[in-house]
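In order, the protein sequences belong to chains X, E and V. Residue numbering for the first sequence follows our numbering, starting at 1 and increasing by one per position. Residue numbering for the second sequence follows our numbering, starting at 1 and increasing by one per position. Residue numbering for the third sequence follows our numbering, starting at 1 and increasing by one per position.
None of these hints come from the bench; they were simulated from the model. Bear in mind the structure is a predicted one, so any value in this text is a computation, not a measurement. Hints are supplied without guarantee of correctness; some may be wrong.
Lysine-lysine pairs mimicking DSS-like chemistry, simulated, CA-CA at most 30 Å apart [claimed, not checked]:
| hint | chain 1 | residue 1 | chain 2 | residue 2 |
| --- | --- | --- | --- | --- |
| 1 | V | Lys34 | V | Lys129 |
| 2 | X | Lys127 | V | Lys79 |
| 3 | E | Lys107 | V | Lys107 |
| 4 | E | Lys107 | X | Lys127 |
| 5 | E | Lys107 | X | Lys129 |
Stretch-level coverage of chain V by chain X, calculated; a stretch enters the list once three of its residues show a Cβ under 8 Å from a Cβ in chain X [unchecked claim]:
| hint | segment |
| --- | --- |
| 6 | 23 to 30 |
| 7 | 40 to 49 |
| 8 | 66 to 76 |
| 9 | 87 to 94 |
| 10 | 119 to 125 |
Positions of the beta carbon are idealized from the N, C-alpha and C atoms, including for glycine.
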Amino acid sequence: MRLRPSWVSGLNSEFFVETKKRVEVIDITAEVEKRAGSGNACLVFVPHATAALILNEFEPNIQEDYGEFFSRIAKGEWKHDRIDNNAEAHLLSALISPSVLVPVENKRLQLGTWQRIMLVELDGPRKRKVLVRMI
Amino acid sequence: MRLRPSWVSGLNSEFFVETKKRVEVIDITAEVEKRAGSGNACLVFVPHATAALILNEFEPNIQEDYGEFFSRIAKGEWKHDRIDNNAEAHLLSALISPSVLVPVENKRLQLGTWQRIMLVELDGPRKRKVLVRMI
Amino acid sequence: MRLRPSWVSGLNSEFFVETKKRVEVIDITAEVEKRAGSGNACLVFVPHATAALILNEFEPNIQEDYGEFFSRIAKGEWKHDRIDNNAEAHLLSALISPSVLVPVENKRLQLGTWQRIMLVELDGPRKRKVLVRMI
Chain X
1 MRLRPSWVSG LNSEFFVETK KRVEVIDITA EVEKRAGSGN ACLVFVPHAT
51 AALILNEFEP NIQEDYGEFF SRIAKGEWKH DRIDNNAEAH LLSALISPSV
101 LVPVENKRLQ LGTWQRIMLV ELDGPRKRKV LVRMI
Chain E
1 MRLRPSWVSG LNSEFFVETK KRVEVIDITA EVEKRAGSGN ACLVFVPHAT
51 AALILNEFEP NIQEDYGEFF SRIAKGEWKH DRIDNNAEAH LLSALISPSV
101 LVPVENKRLQ LGTWQRIMLV ELDGPRKRKV LVRMI
Chain V
1 MRLRPSWVSG LNSEFFVETK KRVEVIDITA EVEKRAGSGN ACLVFVPHAT
51 AALILNEFEP NIQEDYGEFF SRIAKGEWKH DRIDNNAEAH LLSALISPSV
101 LVPVENKRLQ LGTWQRIMLV ELDGPRKRKV LVRMI
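Isolated chain X (complex conformation) (with noise of 0.2 Å):
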C-alpha cells in the first residue's frame, strides 16, 4: 500500500491510495490528519461504489477480523454478479458508508484514543480516490 499526495486547494484536498488485495483495511488517519484545516468538521470521502470507510481501532488482529466480517454478511448469489462479479463489494459498500465525518477544534480531528480513519478495499487491488474537505 502507497499513499500519494495530489493536490492541496485551500480548504479541499484529496489523496489517493493502492490498495494491494481483494479486501483489505488501510489506515489513512495520517493522510487524512495533514489535511485538516479550519472548520467544525472533517468530511472523508471516497468517490467509489466498491470501497468504503470506517472509523474504528487498527491493529494486525482486528484489521484481519474486518475483511472476514465484512465478507460473511455479504456472501450469497447476487443478481449484479452476471454483468459484474463484484455483487458483494456493492452491497457492503452500500452498507457501510462511503464517508467519515469528524469533528475537528484548532484545525485538529477530535479523534478517541483508538479511533483510527480507515479505507475498505472490497474489490481490489485498485487505485482509490480518497477527498477530504472542511465543513
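With the hints as your guide, set chains E and V onto chain X.
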C-alpha cells in the same frame, strides 16, 4: 414511483417520494442534484424510522439484490412486532443510516462515476420526505 | 443510566453517559437537543471504538431488539479477542458508525416523529463521551 418537488427556500429544500412496494430501492440522485447549492457538502436526510439512504451503484440487477440483502440481515422474531409489525424495517434503517453526506464543489455533487443516491424503502408503500441541506 | 452535562462553549459541547450493561441502547435525544444552536446541521459523535450512534424509534421492545440484532451480526471467533476480549464490539461499532448528522432549522433538530438519537453501548458498562457540534 413519483417524485414531487415541494419547496425550495434558500439553501434548504425538500421533496417527496411515493414508494410502491414493501421493500424498494429508488434512485433519487436527479432530485438531489437540482437542489445542490453553494456550500462544501450536501446533506440528504430522511426524517423516517423505517426508510434509509445509501450511496452506490444503481442498475436493475443490484436494485433487486439490495432488497434481498437488507431483508436477510434483519430476518427474525422481534419483540417490537408485538406492537407494530415492522421491527425488521426499524432495525435495518437504524443500521443503514437515514443520511448521506456528499462533498460539493461549484454547486455540483462530487459523486464518483458509479455512485447514485438511493432511498431505501423498508416498510412501504408510503410517501417519504427527503430533506436536502447544504452545509 | 445517568447523563451529566460537561461544558458548553459557543457552538461546541459535550456530555457524558454512564452505561450499566455490556450491550445497551440509550436515548440521548434530550441531551443533544438542548445543545443544538445556530447552523445547518448538528453532528453528534462518540470518540470511542466500542460504542456507536443510531437514529431510529425508541421504545422498550425495540430497545431490546437492537441489542439482540447487533450482537447477532458480529457473533464469531475473532483474532482481536486474543489481545482484548471485545472484537464483536469493535466490528459492530465500525459497521454502525460513531456519528449521526441531523438537519437543523432555527436551532431545532429536524427529526422525524419517530426518530430518536441513541447511544449504542457495545462493551459496557462504561462512561461514554458524546460530542455535539453545530456545522
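Query raised in the report: Which of the numbered hints above does this structure break?
Result: 6 and 10
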